[in-house]
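If you count the sequence shown from 1, position 35 lands on 37 in my numbering, and the numbers rise without skipping.
To be clear, the hints were calculated from the coordinates, so they are not data collected in a lab.
Positions of the beta carbon are idealized from the N, C-alpha and C atoms, including for glycine.
You may find that some hints are simply not true.
Okay, derived cross-link-like pairs now, DSSO-like style, lysine-lysine, Cα gap no bigger than 27 Å in a straight line [unchecked claim]: (1) Lys288 <-> Lys194; (2) Lys137 <-> Lys210; (3) Lys141 <-> Lys194; (4) Lys194 <-> Lys12; (5) Lys60 <-> Lys137; (6) Lys141 <-> Lys23; (7) Lys194 <-> Lys210; (8) Lys60 <-> Lys250; (9) Lys23 <-> Lys137; (10) Lys210 <-> Lys250; (11) Lys286 <-> Lys60; (12) Lys286 <-> Lys250; (13) Lys141 <-> Lys250; (14) Lys141 <-> Lys12; (15) Lys9 <-> Lys23; (16) Lys286 <-> Lys194; (17) Lys23 <-> Lys12; (18) Lys194 <-> Lys215.
Derived Cβ-Cβ restraints for the label pairs, each shown as a range [said to hold, decoys possible]: (19) Glu224 <-> Pro245: 31 to 39 Å; (20) Arg302 <-> His197: 33 to 41 Å; (21) His197 <-> His15: 33 to 41 Å; (22) Phe119 <-> Pro16: 14 to 22 Å; (23) Leu6 <-> Asp88: 23 to 31 Å; (24) Pro152 <-> Pro245: 21 to 29 Å; (25) Gly31 <-> Glu5: 35 to 43 Å; (26) Tyr13 <-> Thr151: 22 to 30 Å; (27) Pro16 <-> Lys141: 40 to 48 Å; (28) Gly273 <-> Val17: 32 to 40 Å; (29) Asp100 <-> Thr290: 20 to 28 Å; (30) His8 <-> Ser138: 34 to 42 Å; (31) Leu21 <-> Asp133: 38 to 46 Å.
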Amino acid sequence: MTELMHKIAKYGHPVWTALEKRLAAAETGQTFPPPVFIIGAPRSGSTILYQALTNYLKVAYADNLCRAFYRDFSLGFRLSRLLYGDAAHNCYRSRFGDTRACGGHAPCECGPFWRRFLPDDHHYIPAREVDRYLKSGLKEAMEALFRQTPYPFIIKNLVLSMRLHLVHRFWPEARLIWVRREPENIVHSIMKARHSLRVPPHQWWSVKPAQYKQWLDRPEMEMVCHQVWAMEEHMEEDLRLFPETRQKVVWYGDFLDNVENTVDELGSFIGQPERRAAYRPFEKRKTTPTDTTAIQQTIRRLYP
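Can you build the whole structure from these sequences, using the hints too?
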């Protein structure tokens, strides 16, 4: 998104808020399909699945234009619909989940929006803490988007993987898609990301499971192994809140080997198998095998 658009969104905020209140009033009480949440550990393949689903299928999602209007999220989505309609975004690239280089219509995690309502110093929200967020305005803000479209709304912000108690309280009918990958490959990819971004060894990067601070003084590989292990434990436990019929597990490798079938299966799962009129199919990229022996040994030592 251009700097000009961000300035328009920021400095016009009081006007946009008043305008959106009037527009949204006409949609009050309108029903909407169950929202769909993509969850998983960082570097598990969740971004490319998010990109494929939102490109192939006629579904709703928050794009980079919405992100620019994170203070007036519902208006941002309304503008996106006016500008792009049902057009495909054709974006299959990102930089560690960031798709802004693909333009305004590329699917986005919209971190600034979620941080308006939920803490950034800790990500895991257990059941006992959910009540403090019930009046945050998050539920109303998201449902203002849901009511604008007849299509299921797909949400991918991996921090929400640690907030399934909150998701369940707000949207118990939600559908969950858990993107999984072999833990050693996730750890390897996170380590590469950390080094590429020059993250210091004892600084946390990305999603923070419960009690993550206890691991900050550990060797970097051990810290990352725990990040992946703890997230998987949280997700396995908290997904029990939802009926199995509302959950799907997608293995990253299986998705890459058969994109078409995976998209068809997930389209049926969320109740929206219809594809867009025109879109660019995803083409599998060549990958180089990596030696994860040291990582596997560390995982076995930490979690025998």
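Do the hints match the structure? See the list:
1. Simply put, Lys288 and Lys194 have alpha-carbon atoms about 17 Å apart, close enough for the 27 Å limit, and the pair holds.
2. Between Lys137 and Lys210 the alpha-carbon distance is near 24 Å, which keeps this suggested pair within the 27 Å criterion.
3. At roughly 36 Å between alpha-carbon atoms, Lys141 and Lys194 are farther apart than 27 Å, so this suggested pair is violated.
4. A C-alpha spacing of about 34 Å is found between Lys194 and Lys12, which places the hinted pair above 27 Å, so the restraint is violated.
5. A C-alpha spacing of about 32 Å is found between Lys60 and Lys137, which places the hinted pair above 27 Å, so the restraint is violated.
6. This hinted pair checks out: Lys141 and Lys23 have alpha carbons roughly 16 Å apart, not beyond 27 Å.
7. The hinted pair formed by Lys194 and Lys210 meets the criterion: a straight-line CA distance of about 18 Å does not exceed 27 Å.
8. Distance hint between Lys60 and Lys250 is fulfilled; the C-alpha atoms sit about 19 Å from each other, no more than 27 Å.
9. Of the supplied pair hints, the one linking Lys23 and Lys137 holds, its CA atoms being roughly 18 Å apart against a limit of 27 Å.
10. Of the pairs offered as hints, the one joining Lys210 and Lys250 holds, with about 23 Å between alpha carbons and a cut-off of 27 Å not exceeded.
11. As the CA atoms of Lys286 and Lys60 are separated by approximately 22 Å, the hinted pair is consistent with the 27 Å bound.
12. Annotation: proposed proximity of Lys286 to Lys250 holds, straight-line Cα distance about 22 Å (limit 27 Å).
13. About 23 Å separates the Cα atoms of Lys141 and Lys250, which keeps this hinted pair within 27 Å; it holds.
14. Distance restraint check for Lys141 and Lys12: the Cα-Cα separation of roughly 22 Å lies within the 27 Å cut-off, and the hinted pair is therefore satisfied.
15. The hinted pair formed by Lys9 and Lys23 meets the criterion: a straight-line CA distance of about 21 Å does not exceed 27 Å.
16. As the CA atoms of Lys286 and Lys194 are separated by approximately 20 Å, the hinted pair is consistent with the 27 Å bound.
17. Distance check on the hinted pair: Lys23 and Lys12 sit about 17 Å apart at the alpha-carbon level, within 27 Å; holds.
18. Under the criterion of a C-alpha separation no larger than 27 Å, the hint pairing Lys194 with Lys215 is consistent with the structure, at around 21 Å.
19. One distance hint, 31 to 39 Å for the beta-carbon pair Glu224 and Pro245, holds here, with the actual separation near 36 Å.
20. Between Arg302 and His197 the beta carbon distance is about 23 Å. The supplied range of 33 to 41 Å is therefore violated.
21. Here the CB-CB span from His197 to His15 is close to 38 Å, well matched to the stated 33 to 41 Å.
22. Between Phe119 and Pro16 the beta carbon distance is about 20 Å. The supplied range of 14 to 22 Å therefore holds.
23. The hint said 23 to 31 Å for the Cβ distance between Leu6 and Asp88, and at roughly 26 Å that hint holds.
24. With their beta carbons about 24 Å apart, Pro152 and Pro245 fall inside the hinted range of 21 to 29 Å.
25. As the Cβ distance of Gly31 to Glu5 is approximately 38 Å, the hint placing it in 35 to 43 Å holds.
26. Checking the proposed 22 to 30 Å range against Tyr13 and Thr151 shows it holds: the Cβ atoms sit about 28 Å from each other.
27. Distance hint for Pro16 and Lys141: a CB-CB separation of about 23 Å, inconsistent with the stated range 40 to 48 Å.
28. With their beta carbons about 37 Å apart, Gly273 and Val17 fall inside the hinted range of 32 to 40 Å.
29. The hint said 20 to 28 Å for the Cβ distance between Asp100 and Thr290, and at roughly 23 Å that hint holds.
30. A C-beta distance of roughly 24 Å is found between His8 and Ser138, which places it outside the suggested range of 34 to 42 Å.
31. A C-beta distance of roughly 32 Å is found between Leu21 and Asp133, which places it outside the suggested range of 38 to 46 Å.
The structure does not agree with the numbered hints 3, 4, 5, 20, 27, 30 and 31 stated previously, though it agrees with the rest.
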